[in-house]
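**Q** Based on the sequences and whatever the hints tell you, model everything.
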Amino acid sequence: MDFDFTPEEQAFRAEVREFLAENLPSRAERGRGFMGEWLRKVRDRRWVGFSWPEEYGGGAGSLTEQAILKEEMALAGAPPLGTSSMGLAWVGPGIIQYGTDEQKQRFIPDILDSKVNWCTGYSEPNHGSDLAAIQTKAERVGDHYVVNGQKIWTTGAPWADWIILLTRTAFEVERKHDGITCLLVPMDSPGIDVRPIENMAGDRNFAEVFFTDVQVPVENRLGEEGKGWAVTISSLANERSSIGEVTQMFAKLEALKNLVRSTKRQGKPAADDPAVRRRLGEFEAKIAAMKYNGLRYLTKQLRGEPLSSETSVNKLHRANLEIEMDDFAVELTGLAGVQLPGSDEAVDGGRWARSSLGWPSVVIGGGTPNIQRNIIAERILGLPKD
Amino acid sequence: MDFGFTDEQNLLREQVLRFMTDACPLSVVRAQNGGLPRELWQQAADLGWLALIVPEAHGGIGLKWVDLAVVLEESGRGLSPLPLVSQALAATAIGRCAGDDAKSEWLPKIAAGDAVFGVGLYDDATWIDAEGIRLSGGATLTGTKPFVSDATVATHLLLATRTGRELRLAIVDAEDATVTAQASIDRTKPFGSTTLDGIEPLAMFPISTDDLAYLTDCGAVAVTLEGIGAAEAVLALTTDYAKNRIQFDNPIGKYQGVKHRLADMFVDIESFKSLAYCATWAIDNAPDELPRAASLAKAYASDAFARIGIDGVGLHGAIGFTAEYDAQLYLKRSKWLRSAFGDADYHYQRAASLGGL
Numbered sequence: 001m002d003f004d005f006t007p008e009e010q011a012f013r014a015e016v017r018e019f020l021a022e023n024l025p026s027r028a029e030r031g032r033g034f035m036g037e038w039l040r041k042v043r044d045r046r047w048v049g050f051s052w053p054e055e056y057g058g059g060a061g062s063l064t065e066q067a068i069l070k071e072e073m074a075l076a077g078a079p080p081l082g083t084s085s086m087g088l089a090w091v092g093p094g095i096i097q098y099g100t101d102e103q104k105q106r107f108i109p110d111i112l113d114s115k116v117n118w119c120t121g122y123s124e125p126n127h128g129s130d131l132a133a134i135q136t137k138a139e140r141v142g143d144h145y146v147v148n149g150q151k152i153w154t155t156g157a158p159w160a161d162w163i164i165l166l167t168r169t170a171f172e173v174e175r176k177h178d179g180i181t182c183l184l185v186p187m188d189s190p191g192i193d194v195r196p197i198e199n200m201a202g203d204r205n206f207a208e209v210f211f212t213d214v215q216v217p218v219e220n221r222l223g224e225e226g227k228g229w230a231v232t233i234s235s236l237a238n239e240r241s242s243i244g245e246v247t248q249m250f251a252k253l254e255a256l257k258n259l260v261r262s263t264k265r266q267g268k269p270a271a272d273d274p275a276v277r278r279r280l281g282e283f284e285a286k287i288a289a290m291k292y293n294g295l296r297y298l299t300k301q302l303r304g305e306p307l308s309s310e311t312s313v314n315k316l317h318r319a320n321l322e323i324e325m326d327d328f329a330v331e332l333t334g335l336a337g338v339q340l341p342g343s344d345e346a347v348d349g350g351r352w353a354r355s356s357l358g359w360p361s362v363v364i365g366g367g368t369p370n371i372q373r374n375i376i377a378e379r380i381l382g383l384p385k386d
Numbered sequence: 001m002d003f004g005f006t007d008e009q010n011l012l013r014e015q016v017l018r019f020m021t022d023a024c025p026l027s028v029v030r031a032q033n034g035g036l037p038r039e040l041w042q043q044a045a046d047l048g049w050l051a052l053i054v055p056e057a058h059g060g061i062g063l064k065w066v067d068l069a070v071v072l073e074e075s076g077r078g079l080s081p082l083p084l085v086s087q088a089l090a091a092t093a094i095g096r097c098a099g100d101d102a103k104s105e106w107l108p109k110i111a112a113g114d115a116v117f118g119v120g121l122y123d124d125a126t127w128i129d130a131e132g133i134r135l136s137g138g139a140t141l142t143g144t145k146p147f148v149s150d151a152t153v154a155t156h157l158l159l160a161t162r163t164g165r166e167l168r169l170a171i172v173d174a175e176d177a178t179v180t181a182q183a184s185i186d187r188t189k190p191f192g193s194t195t196l197d198g199i200e201p202l203a204m205f206p207i208s209t210d211d212l213a214y215l216t217d218c219g220a221v222a223v224t225l226e227g228i229g230a231a232e233a234v235l236a237l238t239t240d241y242a243k244n245r246i247q248f249d250n251p252i253g254k255y256q257g258v259k260h261r262l263a264d265m266f267v268d269i270e271s272f273k274s275l276a277y278c279a280t281w282a283i284d285n286a287p288d289e290l291p292r293a294a295s296l297a298k299a300y301a302s303d304a305f306a307r308i309g310i311d312g313v314g315l316h317g318a319i320g321f322t323a324e325y326d327a328q329l330y331l332k333r334s335k336w337l338r339s340a341f342g343d344a345d346y347h348y349q350r351a352a353s354l355g356g357l
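Sequence lines, in order, name chains A and B. No gaps in the numbering here: position 134 of the first sequence is 134 in this note's numbering, and each next residue is one more. No gaps in the numbering here: position 24 of the second sequence is 24 in this note's numbering, and each next residue is one more.
Rather than coming from a laboratory, the hints here were simulated on the basis of the structure. Hints are supplied without guarantee of correctness; some may be wrong.
A few chain A residues facing chain B, derived, Cβ under 7 Å [what the hints assert, rightly or not]:
| id | residue |
| --- | --- |
| 1 | 5 |
| 2 | 64 |
| 3 | 196 |
| 4 | 197 |
| 5 | 200 |
| 6 | 204 |
| 7 | 289 |
| 8 | 373 |
| 9 | 377 |
| 10 | 381 |
| 11 | 383 |
Among the chain A residues that face chain B by a calculated CB cut under 10 Å, a handful are [to be verified]:
| id | residue |
| --- | --- |
| 12 | 272 |
| 13 | 305 |
| 14 | 307 |
Where is the CB? At the ideal position from N, CA and C, for every residue including glycine.
**A** This is the structure we're talking about:
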């Protein structure tokens with residue numbers, strides 16, 4: 001047991017810090033051209049797609065250095081390393097694992113260069129948690145698939161250039177997980193209709209996506225026909241340390257402590273209230289647990305030991321914390337806590353009120369807490385499936 | 001960066017697991033009636049477990065708490081009645097705070113198992129602070145320490161005393177004291193109320209408030225490590241039951257009301273395991289970080305294991321709370337563990353203070 005890093009890893013951390021000191025101005029000082037320049041600079045360092053193979057433009061970096069990079073970026077409050085979060089998180093890794101050489105050459109550089117934004121066409125109106133039951137139909141006609149059906153809750157669809165789309169190519173199957181095929185589809189294909197949905201925070205970043213006789217060339221199929229479920233599952237398990245999220249949560253905890261310090265309840269400092277102090281202690285313990293769970297799982301990964309579905313442990317913690325920390329801040333500050341940005345009475349500019357409405361994208365997207373519990377119960381504890 | 005155990009530590013883990021399975025199964029644990037199982041204690045000594053963290057210069061093996069962690073986790077899995085935590089605390093306290101003479105005299109006896117230590121730090125059941133220590137330290141000791149862990153099985157007692165602001169630890173021959181066994185929920189964790197009537201301690205050495213906090217943190221980490229094994233054992237027992245118990249034509253583990261609770265138990269155990277390993281690492285490598293790490297681990301484990309103990313029994317239905325079935329033994333351990341070396345509330349409040357509130 002040893003939390004020390006090798007001299008090379010320490011040197012890498014120093015390099016990242018130095019880079020951030022030189023290239024990351026404070027938010028107020030960031031001009032219009034900042035983001036473009038930032039993306040180019042991190043790309044030049046090969047920090048985008050840090051662990052991806054070199055031959056496709058990735059950084060070929062180690063898992064430990066990837067964790068260091070994420071931690072330092074989060075500590076500095078740096079913006080993302082690319083504009084397509086889904087492209088970097090799972091579309092790219094999915095293409096690297098299952099794609100043809102031609103697909104890798106065609107798609108990976110554009111993801112790394114932030115030229116193309118991806119969205120993910122998984123959920124359907126009748127199939128969300130039961131994802132493997134999807135019904136969007138892809139019918140092979142010559143050298144094309146013809147897609148008909150509907151996706152929903154598709155985050156980023158209003159501005160995405162491409163969609164990674166789960167379709168059904170076979171309906172007469174023994175297991176519903178068979179007969180699913182994964183297609184890569186340009187969003188400007190004729191027959192695609194995107195209708196944004198307003199969420200409870202007032203944002204319109206997810207949408208219904210309708211497909212009517214959309215023609216997709218066969219060369220845009222990712223993996224084999226009928227084997228799309230494996231693509232979905234394995235591409236989600238790319239990185240396990242969750243160190244970036246943990247670092248952001250520690251920063252949020254500090255902000256929460258500052259809020260407590262400046263808040264009075266019933267005329268008395270909230271910081272002296274044992275119930276308030278205990279809640280903060282509980283938050284800290286959960287975030288620290290996420291951190292050290294992540295390091296244990298990273299260690300297993302580094303040693304080449306098999307990992308089951310342990311990432312669901314941290315997903316559950318994150319879901320709870322996403323909801324509870326904002327909710328705590330809103331309750332702590334009374335009616336001022338419910339004021340949104342724009343209100344003169346808003347607390348911290350309405351930050352807490354606003355994010356208290358934003359958790360569902362994290363908590364529900366990628367599998368609800370109850371789905372994570374099913375995964376743990378069935379895959380780790382070996383309990384029977386529902 | 002490597003947050004895992006070495007091959008040697010994994011071998012030690014297997015050795016302890018084998019010992020618990022072969023020599024000290026729950027049937028043996030149940031048969032103990034507050035006494036020390038001499039033969040098992042001797043085996044533990046022969047296997048070197050009592051000498052693990054004692055320095056080589058004093059007859060020990062000179063390993064670290066992270067090695068001891070493996071022993072505590074696996075002996076906790078089987079609810080071992082051996083006073084391993086008290087023995088480890090005595091070794092730690094004497095090794096850290098006592099003078100050379102006392103070290104030379106006592107550490108070899110601890111390592112060999114010839115001295116069996118009971119430990120009593122605080123006099124008040126709900127006050128973890130130097131001020132809560134009332135037993136007065138002098139050339140002779142008179143008074144009562146009500147909660148001395150393992151006093152009933154000990155040959156020697158390590159007792160905290162206070163005179164004004166001066167804290168001292170006293171080593172007392174258990175035969176010189178009147179030890180009254182106390183009926184308590186968890187029989188695998190015996191207590192004795194210890195009355196001293198003008199007796200002369202065998203040794204006395206001063207400690208600082210930091211030392212006292214350090215020993216308390218070591219105790220909190222030690223019982224949390226035992227709790228990892230115990231909580232995993234009751235989760236395994238309950239999971240197994242849920243796979244085999246058929247109701248409404250299905251194994252009850254198929255129902256989300258059952259399986260989700262079991263999944264949440266897994267999440268909690270994984271989490272306080274990670275926190276406890278981190279705190280163990282801090283004992284060996286970063287004492288400055290120990291208070292926060294120990295408090296987060298003990299707080300999380302205190303709450304989580306208490307719920308796991310209750311639900312481990314509850315998910316079984318009526319069979320779960322029969323005396324014959326083993327689930328109840330873990331519930332009892334969880335109630336003891338919750339209060340030992342500070343409960344969740346104490347440790348969360350302390351974590352908040354350490355975090356700048």
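**Q** Hints first: check each against the structure and report whether it holds.
**A** Against the structure, the hints:
no., hint, result
1, 5, "holds (6 Å)"
2, 64, "holds (6 Å)"
3, 196, "violated (33 Å)"
4, 197, "violated (28 Å)"
5, 200, "violated (26 Å)"
6, 204, "violated (33 Å)"
7, 289, "holds (4 Å)"
8, 373, "holds (4 Å)"
9, 377, "holds (4 Å)"
10, 381, "holds (5 Å)"
11, 383, "holds (4 Å)"
12, 272, "holds (9 Å)"
13, 305, "holds (8 Å)"
14, 307, "violated (12 Å)"
Taken one by one, the earlier hints fail for this structure at numbers 3, 4, 5, 6 and 14, listed in ascending order.
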